[in-house]
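Participant: Chain by chain, the residues:
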Amino acid sequence: MNSKTDEQTQIEQASHDPQAFAALYDRYVEQIFLYAFRRTGDRVLAEDVTSATFEKALRHLQSHGWKGKNYKAWLYMIASQQVIEHHRRNERYIALPADMTATIDVEGLAQDTLQWEQILQTMAKLSQNDQEIITLRLIERLSNPETAEFLRCSPENVSVRLYRALGRLRNMLGATSASEGEKDDDQG
Amino acid sequence: MIRDDNDHFDADIWLRRLESGDNSEPLLALAAKIKDLSPDLSGPSSAFQSKLRSQLVEEFSQQSLRRRVIPRWLAWGIAALAVIALIFIGARNLPGSTPSVSAAEILNLASQRFTSSAGQDGVLYDRLLLDWKKGGFRQKGVVGELWRSTDGSQLRYQMHAGDRLLYFDQHDSDYLWRSSHIRPVEGNQVDFVYQARYKPEETLLGEEQITSQLLFRDLANFWVYIDRLAGGDNADCANPFCILSVLGDGWECTTSGCTLNLGQFPIVGDLIIEAKTLEEDWLSNGHQVHQVRLKNQDVGDGYYQVLKFDTTTFDLLEIEDYSRGKLRYRIRLDERQIFPRSDLPHDFFRTIPDGVEVRMWDSDAPLGHQSEDRVWVISADPPPGAYLTDTFSAHVELGYRLTSIEKAAINIGGLNWSGHDTRVKLDVDEVIVDAGEGVIEIDFVVDTTDLGDGRWVIWPAFRDVLGINLGPGVGWNSFFGNPIGIYPEWCIRCQDPPGD
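Same order as they appear, the protein sequences are chains A and B.
When the count follows this note's numbering, it moves up by one through the first sequence with no breaks and lands on 188 for the last residue.
When the count follows this note's numbering, it moves up by one through the second sequence with no breaks and lands on 500 for the last residue.
Here chain B stands alone, though its shape is the one from the complex (with noise of 0.2 Å):
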């Protein structure tokens, strides 16, 4: 039972009363009227309907005859590696590109160079160059390492920023360590880092991590991902471009370019993705790129990826990811190395960092980017899009999902301007809720008289006892798991209002 003590509401017994005719209350009354006013309408006309039977029927026919039997998770993974198999093949061959190498001898080339010198006691290190803008907040100049040992059983991946430590995340056969946020939060040092049991390679490996990471533009860890996928046992391959040689003939070509149908998701449907080859260029280190655009079919045109790739040594170099057309993300490969596993110290992937605390994570939970904890925005008056001056009253709506703890706190932290690096904390009592699903609701009062004239979001989270933030924000939310989630841009007297 939900009882809201505002309200004075039972959910149970309006239902029933809802159910049974009963109109006695004003808005018992008015679901009746609608319900009985709201006109019956014509069916659609049997032609059509005949006629769409038929074409189902058809299509039945033809679609059983191309179907594979390849898990859904793989088949996903295959999809985000073949979005980069395509550009490196499409980049060569479509007009207006540089022709001539096949697309049999680039990959030859690229699986030959991956795995040279390595063997099978290898370790394969890249140095990342990233930069990025979100929420308001904008990160310049962190690098990124990856080491991984070519069998996939160990890895580390860190960012850091000067001496700041951003994201910590490791593990061998036995044991994984991770910072607590699943991404870098701002330019926040990471003080500790959880030790839990490492679970098997493809229980980290969820379809919508790979798909959140390339398609829904939270590119921090875009890497790891790829590289934990190349790197496991999948499929037998032992590197990307084996697993890209399995997808075959899902993409489909003409002289525009490609496009790939990656199936239906919740929410966003069916998803296209569309690929084409751009001018060439030149990365400022000296490397000569191959551009390639990746968009999906049905976002509008401001929100895209580019994946850079050198022409000489087939790397992919540099993914950028657009949105409104301006620039969020820039992952740049900045080195690669592949060198014996007896170059590092024999405990290497089991060391933490200097200053960085362990805590034991003592729950089965999934930890980090596997925990389903969500937060979202289901409404907000004054809406999104509202132009807003002086102090106002706003009141907001959140669902959540709580599953990785028994309890937790859900605030709104403050207010983020966007494309700005500047995040004001706003004083809202935060709301205790235990595991499970739900709704709440918050009201707070915003005075604008400090704040600068442009879009301002609100970025509801969950917190643990200790204030740290357990989840991803409502960006990320909004796409996966929770149909109804909406950005809560507000407009303080801004020039563009969001929307436009």
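So here's chain A without its partners, still in its complex pose (with noise of 0.2 Å):
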């Protein structure tokens, strides 16, 4: 026999008491908050569609009741919502935070070493879809199940989805580095 979890036992509760809600609220904030602003850049647009998103999380909690969902997918797919009317509006997609640059050192591919910005950059050019499962797995560190409720497929289609989008990734980089080099041999 299946037993509630305690968070399955503590979202039904904050259909009716504020103070549960609250605490799903401190459990969740800090990370729908840091996947907003790696979606949008900007903290301040990054703490609108936080606060837009637990806003309809807790009227959908009130009209509608819990209906078993995974509630971090959930959350996270609301505020991709938001994210994607905000870029939608302003007709882009992915920002770079100045505080998002690294370095990354991409085995396999035609340069040894890449800028973390590149790699975001090049992600940039994918599709949204592709962009949203690296971004989901490997970014925010959501696990297959939960990636999988986030967009409506089975975890297997997860890992499928996945390994084509970092297929794409790196044929681009690879493109990326290939056509730089092109250019650093024409100025060379």
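In case anyone wonders, no lab produced these hints; they're calculated from the structure.
Hints are all accurate, no fakes.
Taking beta-carbon pairs under 8 Å as the criterion, some of the chain B residues facing chain A (in silico):
hint	residue
1	A11
2	W14
3	A31
4	L37
5	P39
6	F48
7	Q49
8	G399
9	G438
10	V439
Idealized CB from N, CA, C, for every residue including glycine.
Build the complex: two chains, separate frames, hints provided.
Facilitator: Now the structure itself:
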């Protein structure tokens, strides 16, 4: 027999108990904020997205009750909708905050050393779905089941999609590296 | 386990390697590096966290006071009809419109008119004129006819263009007969209908259908949905106006118009409808109308519906649906009658039109409108909006969910020329899939030599063993239940690239 997890119990309580909802908020607010920050590159916007996400979560819990879905994945889904809406209004998809730069060494690519910024810039050229799955799975560290809940697909499909998205990213990184190499050659 | 024969990829094994930190091949190495190097960012400020927390707790308390206990599907139906009510009321009371009659009087008059002379054994008859343009196909001069017993137990709704029957949907309390397509498909003649056991009305009125019909520009069957909702025994109401009165104070109005928050839904988030009274107008049949524009607050200005109400009879006369500012659907009430049941043959609601074959639907799975079959485009290469010429190779990734039958084929029937009555067939191999959900990929080649300049969209669909299209196209699917769908529209030597 399946017993309810502590979180499921807490979520059910949160539909009628403000303190239970506040506890859920405390648990996830930082993760949602960071997700929004990574997607928008702007702390103020990330705060807006975070506020909207929890306000919607609250309204939904109260008006429709909890239906046993993965709460964390669901919060990410709401946050994603807010980000997409923001980008739709501003006609761009991803921005790069200044403090998100680091160095990366990618094996098997044309160049050994790439900037984290370059990875992000290349990711921005991927489809929205590819960006989403890489972000959720590798940066936000959602599990396969959580990501599956977000994407409304099976956990196995998450692996397939992630694999393909990484393949496309790798190809693009290779192409970017190659084209920069050509530029260097031209200049040289 | 999913195995990709092209890539020799085993999802289970790869996931285990990913989780264990294995970086022995390039993609795992790339994944590991992304994980390792994604910088740790500082979280939200404590002031922000604390302020938001307080706001939420306060909002929690306020909302608790406003909560209502209404089944969600009913709330949706009510909301859909409330849109009409607001227009009805708002059209007469908002600034710039003809004032005077109170809302209560209007509702009362309309209710009396709706039920008068029908009694418990009456039939409502609506004759509708429809035209639409969808997926590059324009259909004009369609007549829709709706017969519904006033107790809601019997219904027939059919659409025809000249001699061609385009859609058929009928039930009594025992059986349901329905076209294989959930809506008219281009100008195709209905050759057969399925016969299934009739299921209770509430299962036919999924909230998503109502909402989709109203908000997501698939209005061909909107009328019958609204009528079904009104005609059922929902909330002890016998007509739409009764149901409308249940809504209460959901609308928030200012001098510039009104909004109604319908709550949250997948992908689209909160649905907030704006209603605004436009200028009065006259239809070609001489009816004077109020026009009211409805728009989801979160979508672009080019996407909206205009509802037109008769200023004298209080009937909803016409619905227009606009996409990118262009008219896509129009439904016009041409005639309405209410007459005794005895005026129709006793077997009227069990009669199938001449020449239409009846096939048994032996499955317990939902039929037609209730089907959960979906196929949608996850990604396309070239990507949507790409400017293309000559011959190009395309690769699309399709997601699917098949529930109504054990096996079906997914194919890409062709390319639709947006804004034109043109569809070009593509030579694309079908992919057979079993019931369940998954992702497939299809490659094909497009030669643009004979294609007109403009925007072209691919259209994936399920087909059963008879080649019958099982489900709706991507335009519908991308909104509900499939949050990752895209609209795969390419720009072939076009002047106005998609997305402008």
